[in-house]
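Asker: So the chains spell out like this:
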Amino acid sequence: MINVVVVGGGWAGCAAALAAAKAGAQVVLLERTDLLLGTGLVGGIFRNNGRFTAAEEAIAMGGGDLFVAMDANSRHRGIHFPGHSHASFYDVTTMEPLVKKILQNYGIDVRSRTRVANVVKYRKKIQYLVNDNDEIIQGDAFVDTTGTSGPMGNCLKYGNGCAMCILRCPTFGPRVSITAKADVKEIIGKKADGSYGAMSGSCKINKDSLRPELKDQLEKEGMVVIPLPENLKKTGMLGKKACSQYAIADYAENIVLIDTGHAKLMTPFFPLDALRTIPGLERARYEDPYSGGVGNSIRYLGMAPCSHSLKVDGVDNLFCAGEKAGIMVGHTEAVVTGLLAGHNAVRCCLDMQYLELPSELAAGDFIAFIHEQMTTEEGLRLRYTFSGSVYFERMKKLELYSSQRGEVNDRVTKTNLTDIYNTCLV
Amino acid sequence: MLNKLLMSCIDINSPYCPCLLSQTNHCTFCSHLKGELVCDCNWSGVCILYEKQWQQKKPRWTNDADSPVRLESDTEFIIKQKIAEHTYLLEIEVLPALAQSLAKCGSFIFMRRPSDQQFYHFPVGVMKVDGNNIQVVIEGAGPKSSRLFTDGNRQVLVRGPYFNGIFGQPWIDNVDNGKILLIAGGMGQPPAVPIARKLLTNGNSVKAILAPGKIGTVFIAAELAVLGIQVQEVTSMRQFGMHALAEILADPEACPELIVSAGPDSQHYGIIAAMQAAGVNLPMAATNNTTMCCGEGICGSCERLTRNNSRVRTCKVQADFSQFIQE
Ligand SMILES: Cc1cc2nc3c(=O)[nH]c(=O)nc-3n(C[C@H](O)[C@H](O)[C@H](O)COP(=O)(O)OP(=O)(O)OC[C@H]3O[C@@H](n4cnc5c(N)ncnc54)[C@H](O)[C@@H]3O)c2cc1C
Ligand code: FES
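Chains A and B, in that order, give the protein sequences. 426 is the number that full-length UniProt numbering gives the last residue of the first sequence; the numbers go up by one with no jumps. 327 is the number that full-length UniProt numbering gives the last residue of the second sequence; the numbers go up by one with no jumps.
So that you can see chain B by itself, here it is in the shape it has in the complex:
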């Protein structure tokens, strides 16, 4: 059942389905909306052709280039905390509807300066939602993210919600009373917070291994400890984190039912290698680090190839990370 959900589009059953892809017969799910003659879908409880039929009556996807495709808030941010050089914890007040829809692990937004061109949009995972305020952590590294802070700017345009921030989301949503290992490094820490909260609501016991990663600091340890998570801090994921993982995997008593990896792809692959070395094959949920531009399954920048040779647009489509071909 979960494997089936893994290959489905994260926007199904949300207000954002059917999407623009359905208009050109590029839906990732419905055979009719792929241009085929008859039904052949991987049933997920809703009929997308039907949704299209009824929702067409709502003027949602207009052809006007300026009309927003999701919710947008033109707002200001405040820097709550400087976490490291160029890395800041921001708090942003957004539309109540937008804030509400982001209160789910795996959610992310696109941000840019309101006065910048559309293509300055970059995706950011949401760390926390508190009323109408959302918190995100930004590493001002590339041309897009660093733009946000130049000239003392505090204006921001936030677009969302987007949901596909974690591969293997169905595992996180459905595991209960289980033993879970959460491994977070560097910029994987912010998305790890809502994941941890979600896991704890289902009566799971969670153990976390945290490493500073490239940004050089662990900043969620206290927060996770307060939630009741057993936290182990290591100075290097590669050197010590993986060693700790190997020990856990070797001990049948301690071995978890699910591993959640929040961090760079190199960390995800390290965990897969550790599992192979230990001869175990556990389900692994992993944060989605692919480069995204549009977030709507249109541009193709987020596409990844799987072992069975299909191309997945990862801004929308769920998949099992271990099925991707390593680049």
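Next comes chain A alone, as it looks inside the complex:
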């Protein structure tokens, strides 16, 4: 029996656990809080722009379970909003139990409120993990999907402080990087101005605190664009954002609200008093982070140096995915890398050659491109996503972008990777 331990139950961890289970391993998924999905509990936007292509690739490769679940649980589909086409918004308030069920149906041992605090290594292999309670968790291969958000000290030093986000560090204890505990020197992302880290890019307003007409419109249309009053049009905030795809002028002139179960606002933070001067938002209050008037969580302060197979450099049985694997933003990005890392963790136990995604696929090109970019000072200041900014531009240029399911299927077929994630390797 092959044992794979995945640490961090965000989208990346859920996908890694799923792929490892499908490939035939016995899988344990450890999550420090009481909820899976991590920052996916507050996002919701997927299938926008190139994310459509990436999702379809994963589906064609047999790793579609999570995308199918997102599709089934979407509040809105095929939405266009500034800079984005054919977006879907999954309902962030109901997504988590669904994903948990799927994982459990695959026999994955999901352990919440289990925070890994230490790693014990022998030579270049992780022997076991130790949690907060000094309990030992053994495995043959490990996947680090602990994300890069927080903890409090980082949010204070590189941001405006702990804004009380969905990660709830004071309650469940801070994020701990498995890679760092395995003595691997991590890579640190930067803001446009060169300072460390980046702020998360959006805050969520409680929908019931909107004026009823506005709430109705939002629920009917999926998104609402409200021009900003003259005095609020400022651009300074955009440079700090994690998501470069929203750092465009439309978002400085307007506020864009998106219905993800919350009313998602595309700005890292927005002083509450100012927010309440906008028509319809007179009574607005934040849902996540609770102090969205002041700040947001800081991310990208610790990424694992890794190969295109997502094996962490310097440790023979450690893989990584999601934000841990590079300066990438997004649920889709987390899922596609998670699938690869989980799958390769099983190959590691079987002494098989690792899977690398070819550059004919968007996901393969994406991973290779990020790794290349992260070797440069300039590249460390950008964020990468299928949905916009530099990478989406590149996708279009290389003709990797497609919103046609059939076309994506054909590409996957050509690379001989159809249903690869559905293949039991054991």
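Hints in this document: simulated from the structure, not taken from any laboratory. In this text the structure is predicted, and so the values were computed from the model without any measurement. All C-beta atoms, glycine included, are put in the ideal place defined by N, C-alpha and C. Among the hints, erroneous ones may be present.
[Claimed, not checked] Footprint (simulated), chain A over chain B, 3 or more residues, beta carbon under 8 Å: (1) 32-41; (2) 221-227.
[As the list claims (entries may be wrong)] Mimicking DSS-like on lysine-lysine, the simulated pairs with C-alpha atoms at most 27 Å apart in a straight line are: (3) Lys34/B with Lys121/A; (4) Lys128/B with Lys190/A; (5) Lys34/B with Lys191/A; (6) Lys34/B with Lys157/A; (7) Lys157/A with Lys190/A.
Dock chain B with the ligands against the given chain A, drawing on the hints supplied.
Answerer: Only chain B with the ligands this time, still in chain A's reference frame:
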């Protein structure tokens, strides 16, 4: 969980954290306040960087050499009892806030004559707190402690509170409904009293072995007996106490869940050896006997080396006594 708490600073979550060490990036706990780039702490429920951010607004640690770092009482002591030659039980009335903060086992204070130089300060464990009065036992042995009594002096400057008087404090705080063996010898007797009281509040049953030690007298036996502790007095810890211990350890019925050793380091090591001989490995809390000068983690006089080669400033940092390298 307890092992984790064992390596943390005793001042965390007290009004004395963050301390002076945080200002020069020498905090024993927070990675940022050690000068590192990102978070990497052994989470204990509070973020020290945060505490620093908010507490900076309080003008606590000023650069004025004369401003007190903790509470200070310039007061008088009375000799309540002469316990042995040069050994006295003192009662001192201190500031209410100071007295209150010392009502916790493991607490200690620094004392000196108010007119003496700062470096005359010496640490003393607190035996009892009663209203604003605290009781301590002092053996006027060295140049500092004997100064206190010369020329009929009764003036004293008390500085406190300090908390790290016992290694393994989390075990004492968290054990409940357990069987505990308390071993106290000589000057280990005064700190044993608040430890005993604390242990009894959690429904534990406590057995004590008491020996006179160097000062030559057992003076807490009656007090412990009144609390409901089964007391065994021996004339020599080395000869008879350790023998009694060996018998207890050999008997699975009598074997405790926790041993608390109040006394000199030689006693602590004797107990560790007895456990090894009996093939048992019980958690042991032990009184902190290291030489201290500043009490604030600055001077380094209290530093001890552990088996995993880290240096611990024992005036502030908790540790498992058995992890120290024997000097
Ligand atoms: C406010 C906000 C809004 C966003 N909106 C969108 C959006 O609309 N669409 C989109 O595609 N992307 C969005 N993103 C980005 C996206 O959510 C993330 O990039 C992606 O979900 C990251 O997934 P991950 O699994 O790598 O990391 P995370 O989601 O950060 O997951 C890491 C998990 O690991 C756990 N963990 C950490 N340390 C330990 C440990 N030591 N032991 C056990 N568990 C541990 C954490 O609790 C957490 O659950 C948003 C991000 C934020 C912050
Ligand atoms: S007594 Fe000075 S550092 Fe501990």
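Asker: Would you pick out the hints that fail for this structure and give their numbers low to high?
Answerer: Hints 2, 4 not satisfied by this model.
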